[in-house]
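Model the placement of chain C on the given structure of chain E, informed by the hints.
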Amino acid sequence: MYHRGDLQERQGTDNLLVMKAENQLTFLQGCLEGAPIFVGYFPTAMAFGLVCRDLGLRIWEAVLFSVTNFAGSGQFLAASLMRSGSILLEIFISVLLVNLRYSFMGAELSRKLEKGIGGIARVLLAHGTTDEVFSVAVLHRLPITKPYLAGLELTAYLGWVSGTAVGFLVGMVLPSALQMAVGVTLYAMFSSLLAQEFRQKGLNVLIIALISASLNSFLTLALKWGVGYSFVLSMLTASFLGAWFITEEEHTA
Amino acid sequence: MNTQLPFIIPILVSALATFLVRILPYYVTFLDRLPPFLSRSLRLLPIAALGPLIFPGVILDFPNRWYAGLVAVMVSSLIAYRRNGMIIPILSSILVTYLLLL
Numbered sequence: 176m177y178h179r180g181d182l183q184e185r186q187g188t189d190n191l192l193v194m195k196a197e198n199q200l201t202f203l204q205g206c207l208e209g210a211p212i213f214v215g216y217f218p219t220a221m222a223f224g225l226v227c228r229d230l231g232l233r234i235w236e237a238v239l240f241s242v243t244n245f246a247g248s249g250q251f252l253a254a255s256l257m258r259s260g261s262i263l264l265e266i267f268i269s270v271l272l273v274n275l276r277y278s279f280m281g282a283e284l285s286r287k288l289e290k291g292i293g294g295i296a297r298v299l300l301a302h303g304t305t306d307e308v309f310s311v312a313v314l315h316r317l318p319i320t321k322p323y324l325a326g327l328e329l330t331a332y333l334g335w336v337s338g339t340a341v342g343f344l345v346g347m348v349l350p351s352a353l354q355m356a357v358g359v360t361l362y363a364m365f366s367s368l369l370a371q372e373f374r375q376k377g378l379n380v381l382i383i384a385l386i387s388a389s390l391n392s393f394l395t396l397a398l399k400w401g402v403g404y405s406f407v408l409s410m411l412t413a414s415f416l417g418a419w420f421i422t423e424e425e426h427t428a
Numbered sequence: 844m845n846t847q848l849p850f851i852i853p854i855l856v857s858a859l860a861t862f863l864v865r866i867l868p869y870y871v872t873f874l875d876r877l878p879p880f881l882s883r884s885l886r887l888l889p890i891a892a893l894g895p896l897i898f899p900g901v902i903l904d905f906p907n908r909w910y911a912g913l914v915a916v917m918v919s920s921l922i923a924y925r926r927n928g929m930i931i932p933i934l935s936s937i938l939v940t941y942l943l944l945l
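Read top to bottom, the protein sequences are chains E and C.
At position 134 of the first sequence the residue is numbered 309 (the working numbering), and the sequence of numbers has no breaks.
At position 74 of the second sequence the residue is numbered 917 (the working numbering), and the sequence of numbers has no breaks.
One chain only, chain E, in its complex shape:
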C-alpha cells in the first residue's frame, strides 16, 4: 500500500482523462493499451517463426522459444548463434548482454509499481518486461497496478507467441523456391531496426554499428574467431567507444 497523501499528490498531476475514468489503472485498460503492441509484435513474431522453420526447429520448439524468452532481438540473436553452431556459453553471454537493457527498464518499472507484489506475481510481471511494454507503462503518473501491468503484458505476450506459431505455419506452405530467400529474413529484420534507430537517434547509431560490424568481420574472417565471442567483443568495444565519443560531442556542442 502507498501512503494516501502520496497517492493523492500523484493523481493530482495525472492525465485528466484517466482521472475521470478511473482512480486506478485496471486490467481492461492494460489490455486496451496492449492492443497496438499486439499488432506490432504479431508480424515480427511471424518473421521469427519463419526463421525458426528455416533453422530446422519443430513448431513446438519455435513456440517454446517465444514462450520462454519473449524477447525480440534476444531471440533473433540466439537463433542466429544457433545457426552458426555457437557453444552454449557464447549464447548465454550474448543474449544476456543484448537484453541487459531490461534490467534498467525493470528498475524504473519496479519503482512505479504498487508495493506489496511478491512471489510468483512478481516473477511473472518481470518476465513480461519488453521495450514496448515499458514505454507504454511508464507514461502513467498513477502508480502502476498489478492488474493493469498484467493486462498490458499478457496482450503483448499473446501477440508474440501466436505470431510465432502463425509465421511457422506460413513457412510450411511457402513454395520451395522461396525457402532459400527466407534466409535473408534475419538480416532484413536487423537492418530495418538499424534504419529506424538511425532515423530516431541520428548518425551516431550508424557509426557505432559500423565499428562493431567491421570489428566482427575482422575477428571472424581474418582471425577465425568463434562467432559468439567475436560478437560479444565487437558489441562491447563499439558500446564503450560510442559512450566515449558521444559525450565528447556533447561537450563541444
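In case anyone wonders, no lab produced these hints; they're calculated from the structure.
Predicted model, so just to flag it, every value in this text is computed and none were measured.
Warning: the hint list may mix true and false statements.
So the derived list for chain E, only partly shown, Cβ under 8 Å to chain C, looks like this [to be verified]:
(1) Gly281
(2) Ala301
(3) Ile383
(4) Met410
Selected chain C positions facing chain E (in silico; Cβ < 10 Å) [to be verified]:
(5) Ala860
(6) Arg865
(7) Thr872
(8) Ile890
(9) Gly900
(10) Leu921
Glycine included, every Cβ here is placed at the ideal spot set by N, Cα and C.
Okay, now just chain C, sitting in the frame of chain E:
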C-alpha cells in the same frame, strides 16, 4: 546443421539469460547508481549488437550470389527508414533475394 545439441537446450539457455536480466532489478538496487559512463555504454549495447548481427553473415550466407543479401538489406533499410513497421521491409527483402537468386 552443425548443432549437435537438441534445440531445446540453447532455447532454455537463452531463456535463462533473458530471465536473469529481467528479474535482477526487482531484487537489487545498484543499477540506479552505476557510473554514468558505464550506464551510457550499456544503453548503447542493443545498437552495437546490430552491426555484427548483419556483417559478415549477410554476405557469407549466400555464397553463390554474395551480393543477394547485401542488396536485400539495403532495400529493407531504405523502406524501414521511410516508414514504421517491419513486415513490409522484411517481405520486400525476401522478394529481392528471391529474384536475385533465380
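Checklist entry - Close enough to count: is the Cβ of isoleucine 890 of chain C nearer than 10 Å to one in chain E? => result Holds, because the Cβ-Cβ distance from isoleucine 890 of chain C to chain E comes to roughly 5 Å (cut-off 10 Å).
Next on the checklist: Just to be careful: measuring from the Cβ of isoleucine 383 of chain E to every Cβ in chain C, is the smallest value less than 8 Å?
Outcome noted: This hint holds: isoleucine 383 of chain E lies near chain C, its Cβ roughly 5 Å from the closest one there, short of 8 Å.
Next on the checklist: methionine 410 of chain E was flagged as interface toward chain C. Is the shortest Cβ-Cβ separation under 8 Å?
Outcome noted: holds (5 Å)
Next on the checklist: Min Cβ distance, arginine 865 of chain C to chain E: is it shorter than 10 Å?
Outcome noted: holds (5 Å)
Checklist entry - Is the hint on alanine 860 of chain C kept, meaning its closest Cβ partner in chain E is under 10 Å away? => result holds (4 Å)
Checklist entry - Holds or violated: glycine 281 of chain E as interface residue toward chain C, Cβ cutoff 8 Å? => result holds (4 Å)
Next on the checklist: A closest beta-carbon separation below 10 Å is what the hint needs, so does threonine 872 of chain C meet it against chain E?
Outcome noted: The hint holds - threonine 872 of chain C has a Cβ within 10 Å of chain E, the shortest such distance being about 8 Å.
Checklist entry - Does alanine 301 of chain E meet its interface restraint, that is, does its C-beta lie within less than 8 Å of any C-beta in chain C? => result holds (5 Å)
Item to check | Hinted contact glycine 900 of chain C with chain E - closest CB pair below 10 Å | outcome: Holds, about 7 Å.
Checklist entry - Holds or violated: is there a CB of chain E closer than 10 Å to the CB of leucine 921 of chain C? => result holds (7 Å)
Checked against the numbered hints given earlier, this structure breaks none of them.
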